[in-house]
Amino acid sequence: MFQDAGEVLMLLWRTFRALPCAWRQRRKVFEQLFEVGNASLLMACVLSLFIGGVLALQTGPVLAERGLSNFIGQVVGLSLCRELAPVMMAILVAGRVGSAWAAEIGSMTVYQEVDALRTMNIDPVRYLVLPRMIAIVVGLPVLVLFSVLVGWVGGAFIAYLNYQVGISFHAYFSSLRNGVDAWDVLHGMAKGAGFAVIIGIICCAQGLSTIGGPRGIGRTVTKAVVNSIAFILLLDYFFTRFLMLLD
Amino acid sequence: MDPCPPPDPNQRGIGLSVRGLCKSYDGHPVLEDINFEVRPGELFVIMGPSGSGKTVLLKHLIGLEQPDAGQICVGGVPVGSPEMLDRHRVAMVFQSGALLNSLTVGENVGLYLSEHRLKPPEEIRRIVAEKLALVGLKDVEDKMPSELSGGMRKRAALARALVMDPQLILYDEPTSELDPLIAVTIGEEILRLNRRMGVTSVVVTHERELAFGIAHRMAILFQGRLLALGTPEEVRASPHPEVQRFLQAGFHFDSPSEANQGAPHHEKHP
Ligand SMILES: Nc1ncnc2c1ncn2[C@@H]1O[C@H](COP(=O)(O)OP(=O)(O)OP(=O)(O)O)[C@@H](O)[C@H]1O
Ligand SMILES: [Mg+2]
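Chains as they are written, first to last, in our numbering: chain A, 1 to 247; chain B, 1001 to 1270.
Don't take each hint at face value.
Said to hold, decoys possible - Below, a list of computed lysine-lysine pairs in the DSS-like style, where the Cα atoms sit at most 25 angstroms apart:
#, chain 1, residue 1, chain 2, residue 2
1, A, 28, B, 1119
2, B, 1119, B, 1143
3, B, 1138, B, 1119
4, B, 1143, A, 28
Said to hold, decoys possible - Computed footprint of chain A on chain B; a stretch qualifies when at least three of its residues, placed anywhere within it, have a C-beta under 8 angstroms from a C-beta of chain A:
#, segment
5, 1085 to 1096
6, 1109 to 1116
By construction, these hints were calculated from the structure, which means they are not laboratory data. Ideal Cβ positions, reconstructed from N, Cα and C, are used throughout, including at glycine.
With the rest of the complex left out, here is chain B (with noise of 0.2 angstroms):
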């Protein structure tokens, strides 16, 4: 089979494949043998436990990081070779956001466009503002990034990343340092941009609400292996333990009640 078919003209989103990949750094093993696919169009979410690789993964998909093995084709081009994100457009919202200091807001969402002369400034302008809207910002255009919260540091990546008007969308945990208002925002967004503009996405996410409610296929990686692969029916009825561990966890608390028993007794000043 040919590793990297060409894109479906029809379909606006484009479809990634990952085959054998493999990465370690310093002999540390960090992937090990990764293989999946993800259909344009399709919205994908990676599942796994902290440190376990999935940010290492993203950067793979974008060609900021080497593989030291394997083959990744984003839209029937090989990642790494230059064309990619020329033919492409390929956006990523970082973990940490990673706006440009030394910009505004504003600049910064509007680099895109500003940086490859695709609109006139009052142009940039108007789109930059209306992103901005989408995520729920408003008047930060002027504004340095360091004068922002960290969650509205992530939300004005993901208007930075939706200025773009993407083919793909990788998303490093979304809606982590949001209120949970926002995050369903978010969370809503990330959909209407798949499901309304035949985005594909590949979400890396911990909120299992959000996984299991927004994803066409999903994949469990765990200390650099795909344990689990597939819809999330497929995945919530996986055999695995470490992957059931990992579902069910939750905070179980004892009761008020019992806890006060266990707790020191206060004594009581006159």
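For reference, chain A alone in the conformation it holds in the complex (with noise of 0.2 angstroms):
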């Protein structure tokens, strides 16, 4: 457990002194930026649209009973991007491309692809963990950005549709814009941008580190996408925290 923990920090520590040599590697990082988006923007976008609906669902009804249906943009709109566009894109995408990931680096371990990358002198880290880290930490904030507008907008539509609430688009976004300011959508972002860190690196790492033959690319397909899910929610209080520090 501590070892495993060593390893990780170990391999992030090795990726950030390759960050140099990003630039060249800029083919591989735009092909695994594609992999991140096309996994997963068409999920994210009616996953989104479900989140800020029940989300206006569960709040709507509440919130007009006590005469507070002008609130009800500003609940859902914050809620979304502090909070639930983050967790929710970070665990669609551990599931979705962490999962590949892990699966594509163990088989390659397990198929000594990697050990000829060493033997060509061609570090596996600058190779195959650096690119996919840029393109997870750049493209999981834009994903997050993307599912906060979507969600907001099914929030509206509930918040509109529902009987028991039924106030306009345009009462929903002006109460929303008086709530919610820039920075909260860059909170969300931020917090999106550190679980990418977590769901890369421990993907990653799960992967150089597989060993045995199929049944160990399954094992260790399983454990990274637990071990990421795991830490983005343990986590998350705690860049909540750090992030309300610099509010």
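Join the two chains, each given in its own frame, into one complex according to the hints.
Okay, structure coming up:
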């Protein structure tokens, strides 16, 4: 357990040190960025629409009962951009992209492709890990922003359609504008970047330490996804505290 | 004596030395107290039964595994220090080929040049085609490794090693999986690289004819120990019973006429 943590931190440090070579790897960064976006965009859209909707559904009637239906835009807007969008997108990306990376790097390790890279004096961290880390750290915050925007629209629809609430788009968005500023959105994107580091490094480290055959790869994928999600949820609290200090 | 003497600057190939190498996996010894030396420009063959630790030994020579004890030097630099692969060009041809499955064959073969930015792209394409032709492959640059046969993959891996223009090549069973014609071509290519370019070569093989034909010196590995070490004549004359058994093993079938007598009698149906 502690050895694993040490390995992950070590890999993070080595990736960080490889950063000056990032420009050389730009083609691979774009490929991976495409993978992050392509694998998650449609899912992100559908999920966010529904998350925004369910938030409005849950909070709307409660607020309307107390005559606070004007605040619904603010409540949905804030909880989406500060909490739900980053966490949901991180979990989505861990499941769709992180698992794929763990499997890919894991099979490269098992089938000696990583060894072959080493014998050619190509650093696997620079060649495999760095482009993926950059792609996910850039891609996930963008995905969070996208999810926030779509989620707001989802919330607006439900707030309008639900007979207990029934406030207009205009009222919803003006309430949202009052309560949510750019900093809140940035807060969510910063969280997304933090989660991206966690997902990327855990999945790559698991992949590189794969042993055994196909079963080893299976184990790697499971561990990578489960650990990523666990750490996302745990560190979410601490990220939030930290970002609140900056407020 | 200095454990890592500096390489001879007039020689293109680099030598290597192994001192007291031990390695075990989970308390299970795989290599025990291995000592040998390969001189610059030499063609050194390692033979031994399956599972005797030949692949593990080769991996130690290029720094893919850390020894439990002992020291290995390649070209005067201790293996495992980061500068070894920076200072010298050492290539390994893996038993399974180990081509990168996400790249085309051409990209695989040219990977060393493109990743280290040693040549412009057109030049790389030319070199790749040339090296692939050398190992008898044509028009495979745009195929994926999974579209090749096992033997073709192995030859592509050899081409990938040649592209590095290495000073030391480690071959792990370069001719297994190949048909006799191609095996001869590859054997000749190994010999040519060694003779004409002075590349130091370490060849692991089960092919006794090839081994005794090309080796300057050879070693027999048996259950993690070196049982014999020396010129092919010295090894052939080794008094060790296991070595003799290994070198003299061959197919001894009954002649067809005798075999038929023992075979089950087939009844003829009218
Ligand atoms: N990573 C590893 N973990 C545990 N045991 C290993 C590992 N690598 C090799 N071994 C063991 O070391 C021994 C030697 O393996 P090695 O691959 O070197 O054999 P070999 O001489 O190359 O055989 P072959 O001719 O069949 O290729 C085997 O018993 C194998 O089980
Ligand atoms: Mg082997």
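Checked hints:
1. Under the criterion of a C-alpha separation no larger than 25 angstroms, the hint pairing residue 28 (chain A) with residue 1119 (chain B) is consistent with the structure, at around 19 angstroms.
2. Restraint check for residue 1119 (chain B) and residue 1143 (chain B): the C-alpha separation of about 22 angstroms stays at or below 25 angstroms, so the hint holds.
3. Straight-line distance between C-alpha atoms of residue 1138 (chain B) and residue 1119 (chain B) comes to about 22 angstroms, which keeps the hinted pair within the 25 angstroms bound.
4. Restraint check for residue 1143 (chain B) and residue 28 (chain A): satisfied, since their Cα atoms lie roughly 20 angstroms apart, inside the 25 angstroms limit.
5. Residues of the segment 1085 to 1096 of chain B with a Cβ under 8 angstroms from some Cβ of chain A number 7, which satisfies the need for three, so the listed coverage holds.
6. Given as covered by chain A, the segment 1109 to 1116 of chain B passes the check, having 4 residues with a CB less than 8 angstroms from a CB of that chain where 3 are the minimum.
Violated hints are absent here; each numbered hint is respected by the structure.
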